[in-house]
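The primary structure of each chain is shown beneath.
There are 4 protein chains.
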Amino acid sequence: MLLTVDANDKRPIYQQIVDGVKALIARGDLQEGTPLPTVRQVAGDLRVNLNTIAVAYRQLQDEGFLSVRHGAGTVVSIRPGRSIETEDLRKPLRPALTELILTGLSDEAIAGIVRQELKALRLKGDRR
Amino acid sequence: MLLTVDANDKRPIYQQIVDGVKALIARGDLQEGTPLPTVRQVAGDLRVNLNTIAVAYRQLQDEGFLSVRHGAGTVVSIRPGRSIETEDLRKPLRPALTELILTGLSDEAIAGIVRQELKALRLKGDRR
Amino acid sequence: MLLTVDANDKRPIYQQIVDGVKALIARGDLQEGTPLPTVRQVAGDLRVNLNTIAVAYRQLQDEGFLSVRHGAGTVVSIRPGRSIETEDLRKPLRPALTELILTGLSDEAIAGIVRQELKALRLKGDRR
Amino acid sequence: MLLTVDANDKRPIYQQIVDGVKALIARGDLQEGTPLPTVRQVAGDLRVNLNTIAVAYRQLQDEGFLSVRHGAGTVVSIRPGRSIETEDLRKPLRPALTELILTGLSDEAIAGIVRQELKALRLKGDRR
DNA sequence: GTGGTCTAGACCACG
DNA sequence: GTGGTCTAGACCACC
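Residue numbers (my numbering), protein chains in the order written: chain A, -3 to 124; chain B, -3 to 124; chain C, -3 to 124; chain D, -3 to 124.
A couple of the hints might just be wrong.
The list treats identical chains as one, so a pair stands whether inside a single copy or across any two.
[Said to hold, decoys possible] Straight-line Cα separation of at most 30 Å, DSS-like style, residue types lysine-lysine; simulated pairs:
no. : residue 1 : residue 2
1   : Lys87     : Lys18
2   : Lys18     : Lys6
3   : Lys18     : Lys115
In case anyone wonders, no lab produced these hints; they're calculated from the structure.
Work out the full structure, taking the sequences as your base and the hints as a guide.
Below, the structure is given as structure tokens:
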């Protein structure tokens, strides 16, 4: 698996897992139907508590990104389970963009950074 | 008062205050030297405990956005408190952009949304 | 416990904790990865309120000396949080040195005192 | 007068005044018998509250550095009014030295910095 | 169990 | 009157 957890990251571990899986799906590394490692295996690899991984998988399932087939493991499922409002998608962008503005960067410079990040997030197979 | 707190927001109250003040500075509503309302006043307006506001003001001071004079008030102070690395500014962007990608939006569409948000975050003069 | 608080000390309690932990790190008693006692334990040992210790730990985290994991404990983490300018390190020296000068001590005598203090502040190995 | 106050300094204003006068005495710019400007004048020059300067003068008087002659103003008085224990002089040195140690500087390097500072504090007539 | 946040209320230091 | 600190006690998020 390409997942990692960073102790210095301010996000809780379960959130890092959730975001990590989403990133892998977004870039195409994980496709519809791809089986995911078991909770136990991820927990062992990342040296993290079992419950933490279970919470992450549970949230991914709630959001419709994972499909749990009883006795047959977990597979990726692209169809989102809950409807998303664009406002909810824009909100988390704002504090991040505000920080960039406060460093004195121009709108063009910030747009350039965003374009770089988008490119990096879509580069299939780009192991961090 | 230009600050608000939203009970539904997942960020803690003090963080909402911090982000709110930064946004006001970024858009030019608060300029260098502008006095801020007292801790007690903000606390009263927002129906929030005194200490919560004090924590927010303290963090803003640590980051160099406020200059707090003990018995006197608080004023905006743009000087950078700690140097920020661009990597630290890019990281919070990624989960937000990933969510946008997962909705199926194209890079162009996402860049358009970012441009809209940047425009909204700037008020007085779109400088640069 | 190696930490103490002195009611006669003019520094606030949380600052004494911060300085105390830094001193333990500087002398090598606390090394990278060493777990720190929990907030509750320190609070109990020193007969001080929980929040006061939490404030100290938080400041140490902001300065990059501690890595706090939410549900897990706290460990020492030497990585620098913010870059420090030498000028900021020299300033607090000046009032202290001025007081020594005013007692009539020679530069050599003062330098001797400083050397003594440096020796006392280092324990494990006087490296370098 | 050569006194200044810095809003960004963490010390309270009255303490900056106290330290400033002591520094001027230590470097010889103010000598025994030298008259000091009135509280009112200093307050006006520094654009600071009258009471703040009065508190500073009061503390300097308590420590024996100022002598107030009723109706004849205030003059410098080198004989310290209260006995000083060396331990009390060493204590404020420690947090400052600890910070220097934590940056990784060697004892020699730190001693060098101290020597530089001592030299600067003694340079008569060196306007900051 | 851990740390994080918030409240209510108190007292002190500063200007 | 301002901000700074501290307490006691509560509830929540995380592991």
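These are the hints, each one checked on the structure:
1. Lys87 x Lys18: Classified as both; 18 Å inside a copy, 15 Å across copies.
2. Lys18 x Lys6: both (18 Å within a copy, 19 Å between copies)
3. Lys18 x Lys115: Cα proximity of Lys18 and Lys115: in one copy and across copies (16 Å, 28 Å).
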